[in-house]
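Q: Keeping their order, the protein sequence lines are chains W and S. With this note's numbering, the residue at position 504 of the first sequence is 607, and numbering never jumps. With this note's numbering, the residue at position 198 of the second sequence is 472, and numbering never jumps.
If you're looking for bench data, these hints aren't it; they were derived computationally from the structure. Where a beta carbon is used, it is the ideal one built from N, C-alpha and C, also for glycine. It is possible that some hints are incorrect.
If the Cβ cut is set under 10 Å, some of the chain W residues that face chain S in the computed set are [stated by the list, open to error]: (1) I314; (2) D631; (3) E658; (4) I740; (5) T841; (6) A842; (7) E965; (8) R968; (9) I969; (10) P1036; (11) R1037.
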Amino acid sequence: MPQDTLKVPELSLIILIGSTGAGKSTFARRLFKPTEIVSSDACRGLVADDENDQSASKDAFELLHYLVAKRLKRGLLTVVDATNVQEEGRKPLVALARQYHVLPVAIVLDVPDAVAQERNAQRPDRRHLGRHVIASHRQQLRRSLRNLKQEGFRHIHHLRNVGEIDAIQSITRDRLYNNRQEETGPFDIIGDVHGCYEELRALLEKLGYQITEEPITDVRDLGVRDLGVRVVAPLVAQPSTSPPDPLSKKEGAPVLLLTDSTTEESPSRTGALSFLERGSGGEVAPGEPLRRKAIFLGDLVDRGPASPQVLRLVMSMVRDGSALCVPGNHDIKLLRHLNGKNVTVNHGLAETLAQLEPEPEAFKSEVRRFLDGLVSHYVLDGGKLVVAHAGLTEEMQGRGSGAVRAFALFGESTGEIDEFGLPVRYEWAREYRGRAMVAFGHTPVPEAEWLNNTIDLDTGCVFGGRLTALRYPERELVAVPAAQVYSEPVRPLNYRALQAQAQHELAAENAPGTTAQHENDDLLDIRDVTGKQFIETRLMRGVTIREDNAVAALEVMSRFALHPKWLLYLPPTMSPTETSALPDLLEHPAEAFDYYKRLGVERVVCEEKHMGSRVVVVLGRDEAAIQRRLGLVGEGIGKVYTRTGRNFFTDAALETAFLARLRDALSTAGFWEKFDTDWVCLDAELLPWSAKAQELVKTQYAAVAAAALAALPQVEAALTEATARQLDGAEALLARTTARHQAAAHYADAYRRYCWPVHSLDDLKLAPFHLLATEGRTYFDRDHAWHMETLRTLALADPSLLRATPYRVVPLTNPAEVEAAIQWWTDLTAAGGEGMVVKPYDFIPQGKGGLLQPALKCRGREYLRIIYGPDYLLPGHLDRLRQRNVKAKRNLALREFALGVEGLERFVAGQPLRRVHQCVFGVLALESEAVDPRL
Amino acid sequence: MLLTISTTYQPATDLGYLLHKNPARLQSIEVAGGQAHVFYPEATAERCTAALLLDLDPIGLVRGRGGASGEGFALEQYVNDRPYVASSFLSAALSKAFGTAMNGTCKDKPGLPAQALPLAVKVAVVSAPGPDWPSRLFEPLGYEVDIETTPLDPTVPEWGDSRYYTLHLRHTGLRLQDVLTHLYVLLPVLDNDKHYYIGEHEAEKLLHRGGDWLPQHPERGFITRRYLRYLAAYVNPTLERLMEGEVSSVDSASPRMDEVESGSAEPVQQQVAESNDAMRGLAESTLQPKTSLHDQRLQQVAHEIYQLSPKRVLDLGCGEGKLLRLLLRQPKIEYILGMDVSHQALARAAQRLHLDEMPPRQRTRLDLIQGSLLYRDERLAGFDAAALVEVIEHLDPNRLAALEAVVFGQARPAHVFVTTPNADYNQLFEKLNAGEFRHDDHRFEWSRAEFAAWATAVAERHGYQVRLVGMGEEVAGVGAPSQMAVFMKKDA
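The following block holds chain W by itself, in its conformation from the complex (with noise of 0.2 Å):
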């Protein structure tokens, strides 16, 4: 009987062959979904608006094959329906297929020319084709049959007639090897090994594994059925009820623990707990304690001093599923010498061969099973880790093919070779921007160090380094030391310190305390700001940056920012309240408290506003924090920064002054104790406004006044003439002229009052009013009530200096609180105050319809004269400006707050200047979008 299905990768391209009238478009129909099918003949009507022209074949082609480009980048399986019947017209897709690591797979639909002939009979647009068609195409597919392998193809399904083709009801799908997305830990990822069965032995006890050595019993069986080793994993800590203290602990960075990291607690219990919930994967029976799993990421064997009792203790841990592990380069060669291939015996192969010399041929062909078996790489816990010996890129993971394998096992060089006579290797993590982590060893390094979200664990324990193991979810390295050195390096270990060292003494003086992915971030890439960006949030499902903005906001950050590792974040714009009905105003607190009330808030803080500029401040304790954190050298302890990513500072020596008297301010205060941190984000206001806006106060405010006040009289005065002269109407002109006159002396006294020149320091004042971040974590969690406390403590360090912002909270369902409220913004606003913020007792507040509004600004009568100008509550004015729309301004508000708070938490998870970069960046660019500056 024939078989009814057909097996293949579940991603692969599928390459129908057979002659014109084969049924091929019915059977790929049948069997496939309608998208993954990409015809030749669909191609020719897409490009010809005829099916059959066959004149419009090499532009249908060209489409054909870049469909098909595009869904085997994306990784989709694809079918082709084409006659296939040449070779040449095949080659190009088995290329296609090779270039994007994808298997072919060819189906062949062998009918008889009659059937062909008949079917083709059958459709008025293929009567016309002759017979002859049909016969050399049958002839071609017959010369075809015994190159297909030749030529690439992995799996030939071969279905010889009719029957064999209409039996067929169904494709099954395969999974890669690779493909273990279900598998969501957590892990417990270890370096190349090398033979180090000691430290191996002590890197899985302080990860907390229980390891028992068993005499074996049964000599005989050995090899197959009792490795001598067993090893029970440690049970997936259980998550604590109470929450953590977010104080206590540093979240995101990765830590090197050398003490026993088992008693720790995780400070990642989000990645465990979700891993609970997500369930086991699949291998642990239910009822079963969830237990960790052990990844060894390749390189068991040579130069180390126990190959054969790694291969034990890791080939034990593999089949009874309590680990995982990728082939190294060392193992498949080892695999290689004991499949009878002639390979070198060097770099450490021999001690292997000697080691195994004693071991019983059961063992050794049980080691050639174990290694034959292993798979390239592995895709994890839903795609979001991916682990290989020597690491791969992103177009690979998930992928078979050749290259995919050697990447695995090889990386690539670069073609050179150093002054060790090793292979320069191409670094291809500096070029990673992956949404995977992929976590490698291959090369060993002195550290295991992050870079641009891939690291590498091989800290060279057989050179005498350390066995290193990542704590996955958690990103804790673990790590045990060498006991001794069991093979010379030929390069050591540190060679790229010492390269460094000796190329550019000066750069080696500063390079000590900046990382690699420091050195890394120096280099921004143009692709990963310009264009139309989607940048996901926490906050917001993803913010899009319009390319227009985009436009505008590379031209500011290139010629007016600061260097972008100083832009750790830039401040939302905020919207004002909806606009009063009230007479003689535009703003009023009552409409903040309503629709905080509205949207579900039952508490808001109320902070005076301070008429001065925006700033961030990001600041040091000394200049090595600047420079350990940010990898800033000889750039100061610190930078206050406006909202646009300037420096707030012209003047050096009293930028440097400040930033000394801010640090000492909270040193004096304790801060860099009390938060275990030695840098710190603020957001501020600076004060006075004239400190940065002088210029503008000076040709604008100032001129505006100036000119007011010096033409408003002599208005009157011609207007009293001629009032005089009863002219009618001169009156009325008259008493209007007037009523400017007295508004462009409010406005002068408007501006006035924000304006005290600036001579020394002693002139300067910082309000701080949100705490942002230290190290390893960011404030977001915090109320703002927690906030203004916890600055007001701060600022009592240096009260000349720093300013507390006075603040109230208000309980919206207690009216006469809230009436109390308001009248003290209505004081704050008699008195000349610019007015003040409202916001929701939650930094980040969530109601009714998602996230709210941060802030909103309720700003005072006078004060809007700098805004809205000197008569905006003259008769005719205010009626008409009281016909705006919030409606864009709060809209571009939470897209900011979500851009603005995912940029600092990207920061603080120590994640890579880029993607921190892209949050400030699409801050900047939203800012340059058309809304009412007023607002």
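We have chain W already, so just place chain S on it with the hints.
A: Positioned in the frame of chain W, the structure of chain S alone reads:
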């Protein structure tokens, strides 16, 4: 904003006939931007004063601006001096309120317009670039000029005087028509601000008004240039909001060095000549046929580039495309990529090079892209030569490492030409004080030794050879005005 015109011509109330406005009534007229009121504070046979009060509607001004350019103004568009200052709005109001008088017609007393009258004019207030400008503009036309100054802020005496003046003009005998015409043309010139209502045809009207007397006016260059600003003024509201008051990039893209170096307004006039054919005759009368230092520099760079017979050339920081134009003239260069960080500069380059009308083969030789030298950019790879003409000094010194990595580390053209001002030469510029830079946006200017040190280190780090060349006439002891480093890749 108030304009008064007084006369002591007998009977003085004839002024009413001339202006075609009845001295006994206050009249209101709708004008561009608001309302104009005409009234007579005094109207006796001995002395008569007519007043034109312009009451601009600040809210209407903003709202009236529809269309794309009306969106998203920078804040200064809302709070500004327009309602108080004599500007082109006043010119528009003058021609509407006193159109007949300006044309020299008077139905009731046909002989009157030709009559020279003793006239006094007061404008409260004008905005002027300096206290001498009212005299420079009006005295050549025979007026006696007086100004009253206004402090910028009386509570801050150290800020000094504002740019606002009450202007008094007196003339012993002039036709009213001429006075109105002078005011019509010269008030907006003094003010020098944008008036969004003036279109091209209105500029031609202004020219028509000045045709009789402007060619003889000693300040004709200044006058011409200033009111053509209306045409050149191109506001990018998107960018302006981010600029925090910085000069817009069109200014910075055409280095103001020329102004410092030549001390003349010549490049602006070139722009004038190009931007409006109607003005050409007038502008050329003041144009000096002199090649600016910047043009010399570009020619030298272009010349050096041709010597290499490169196929693919990069102009990094191409600005408005002057070098691109020179390069395009060399048919052996197959492809030229111009990059600038300023989108506006690129738009102007496209316009000046007539990109849209280029024949297809020619068009494939040139592309313009927005980009930044601080970001790695794979579009810059594979070029034989790259020019960075007066670019590096616009970057903060701590960003030069990024530029170096992008250009010499990543793009790696076979040859790189970098020019920058020679700070040693600055002492020869009279207008520059010690330590001052030639352009507001320069973040540094290097001496020859500093530039050589940088260039040598860059070459060493990236496998290039470098030679240094002076640009412009060498002066003993200080070198040439500009300097160039020519880098050549060693394996090229």
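Q: Run every hint past the structure and note whether it holds.
A: Hint check results:
1. I314: violated (48 Å)
2. D631: Cβ of W:D631 sits 8 Å from chain S, so the hint holds.
3. E658: Hint holds; W:E658 Cβ to chain S Cβ min 5 Å, cut 10 Å.
4. I740: violated (15 Å)
5. T841: violated (14 Å)
6. A842: violated (12 Å)
7. E965: violated (14 Å)
8. R968: holds (8 Å)
9. I969: holds (7 Å)
10. P1036: holds (5 Å)
11. R1037: With a minimum Cβ separation of about 6 Å from chain S (threshold 10 Å), the hint on W:R1037 holds.
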